[in-house]
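*Asks:* Line by line, the protein sequences give chains A and B. When you line the first sequence up against the numbering used here, it's residues 434 to 645, in that order. When you line the second sequence up against the numbering used here, it's residues 13 to 396, in that order.
Just to be clear, a hint being listed does not mean it is correct.
[To be verified] In silico DSBU-like links for lysine-lysine, alpha-carbon gap of 35 angstroms or less: (1) B/Lys350 with A/Lys622; (2) B/Lys34 with B/Lys220; (3) B/Lys319 with A/Lys622.
Note that these hints are calculated values from the structure, not bench results.
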Amino acid sequence: MIDLQLLTQAVGDLDENTILTMINDFVATNPSGEDAQKVVFACQQGMAIVGELFEKNEYYVGDLIFAGELLSKTIDLLKPVLSSVATQKFGSIVIGTVAGDLHDIGKNIFGSMAEAAGFDVYDLGIDVSPSAFVEKVKEVKPQIVGMSGVLTLAIDSMKNTVDALNEAGLRDSVKIIIGGNPVNEDACKQIGADAFTTNAAEGLKTCQGWVK
Amino acid sequence: MTDAAARTNERNQIFRDLFSGKTPKRVPISNPATQDFAIQHAGLDLAECQWDLTKLEPVYDKFCQDFYTDTYPGGSIRIPSHYQILGSTPIVMSSSGFMQHPDVVGMLAEEYDQFIASPYDCIVETILPRLYTGFNGEPGKVAMTLAKAMRAQSDDLAYLGAIRGKMNAKYGFATMIGALTEAPFDFMADFLRSFKGISGDVRRYPDKVAAACEAVLPLMIKKGTLPNPSMLGYTFIPLHMAPYLRDKDFATLYWPTFKKLVETLASMGQNVQLFVEQDWMRYLDYLYELPENTIMRFEYGDAKVIKEKLGKKHIISGLYPVTLLQTGTKQQCVDKAKELLDILAPGGRYWWQADKSIIHLEASGPVVENLKAVLDYVHENGTY
Chain A
434 MIDLQLLTQA VGDLDENTIL TMINDFVATN PSGEDAQKVV FACQQGMAIV GELFEKNEYY
494 VGDLIFAGEL LSKTIDLLKP VLSSVATQKF GSIVIGTVAG DLHDIGKNIF GSMAEAAGFD
554 VYDLGIDVSP SAFVEKVKEV KPQIVGMSGV LTLAIDSMKN TVDALNEAGL RDSVKIIIGG
614 NPVNEDACKQ IGADAFTTNA AEGLKTCQGW VK
Chain B
13 MTDAAARTNE RNQIFRDLFS GKTPKRVPIS NPATQDFAIQ HAGLDLAECQ WDLTKLEPVY
73 DKFCQDFYTD TYPGGSIRIP SHYQILGSTP IVMSSSGFMQ HPDVVGMLAE EYDQFIASPY
133 DCIVETILPR LYTGFNGEPG KVAMTLAKAM RAQSDDLAYL GAIRGKMNAK YGFATMIGAL
193 TEAPFDFMAD FLRSFKGISG DVRRYPDKVA AACEAVLPLM IKKGTLPNPS MLGYTFIPLH
253 MAPYLRDKDF ATLYWPTFKK LVETLASMGQ NVQLFVEQDW MRYLDYLYEL PENTIMRFEY
313 GDAKVIKEKL GKKHIISGLY PVTLLQTGTK QQCVDKAKEL LDILAPGGRY WWQADKSIIH
373 LEASGPVVEN LKAVLDYVHE NGTY
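Generate coordinates for the entire structure from the input sequences, incorporating the hints supplied.
*Replies:* What follows is the structure, given as structure tokens:
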């Protein structure tokens, strides 16, 4: 059986070779869905270590991006052995980069960390109009909406999106978090969001607090 | 001499003093709002005006009239025409009409060796056709695409240059010239490997990243060289990736070739302006090593610490938070300008610019009035 503690540590260390070797060896043993779940959980714990090291300023954004890439590689390898069991989800989030803005690096980091933490993540992509957010919220009824942006124009687009959710009568059904370079407390108030962050790990903690 | 010409002379002297480490007669100001803002301020459609530049002269006239600035407020423009003709993927227009740079891959990881052996050939033969769809196809067609794009760009630049000349003649701005280049590591990330790609490369093949930065350095120096180094102006270097790297990766992969770039440009007798994007507070000791009078426009950071560490050797700028103009009252905005003046102006070596460009205008918002108030305040109170 795979050494789950060692795997968690390897994910925390972002040690690509060790992770891929361990996962490949594990999949080759034709494991049960339950065992594969344990491996996923060990990887999630490793991602939590990555998040902690980020908060301690030992890792930086480049490391989070690399972590996201490693995790999606790992999940792809595990998919064939995971398909037999339903995965437990903690909540669902609709995310997107708001209208007029094409920057998606921060959104993608947050999305992969949220997925790793067990959220269903619906990513609408970039330059997402308020109406596209509204339609998706109607369709999947998430607990949380995450809006991302880098340009200062994103502040106005975020406000327009919150207004659109209000008009559609959906505002009270979701928590809203905004993230990215130009957001701060004042902008958060003006936009009418519930929380703001410039740090994906911190934003994830806020979301986890909401769905507890 | 006309009043405008006299103002140009006065402003040129202020910048000559500033850039050579002397204390100018007052703190010079650059309006942080851009052409995009100016178009919206004139009540016109952003996308349309960028395609039809004939609409821009009254736009700039109103812009220059309404907002105080010592330098022409039309810098850093990405004209859509030639990007469209080339089928550009690294620079595209969003739904708002703002030209942006999405995260793109121009070079694959397995192409590092080819790039290191000959960066220029690799860019021309492999990378440009990947980034610009107009460079794919029959050689004759590619040649036509290139010719059309270059013609469109040179027509557009000439048109914008004529507007600039008229505004300078009317408003008497400082006549500064600029070149633009990137730190080698940033060039590798922004146009070749992408943010995501380089983040993996730093861990998988750091030696190749370092060698690629060395290989591309001469091109970055060439791109950043002014037509004549004695001209009033600077080479603008927008910095990007350093805040996202671990200290040791910064020290071994980012810093060495970036430092050589700035030192080489400075040794030719030209000033360099860095846009110090994101949070560089952990790298201030590195920045201190750069040549005297390097201009550093900061996006983030503690103004006091920056002034204390760098303010005697380098020219500090930026830090004024433009989001405050969107969310604050007029008084709060002016107070913030005063706070920064009080910290950064004493002893000289300060140029008033904001932390970011203002590219967008919500017509119903407070930005126009707040920005006017701040620019006027600094103009009237900007003593060293």
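*Asks:* Each of the hints needs a verdict: does it hold here or not?
*Replies:* Here's how the hints hold up against the structure:
1. B/Lys350 with A/Lys622: Roughly 25 angstroms separates the two Cα atoms, so the pair holds.
2. B/Lys34 with B/Lys220: Between B/Lys34 and B/Lys220 the Cα gap is close to 43 angstroms, so the pair fails against 35 angstroms, i.e. violated.
3. B/Lys319 with A/Lys622: Roughly 32 angstroms separates the two Cα atoms, so the pair holds.
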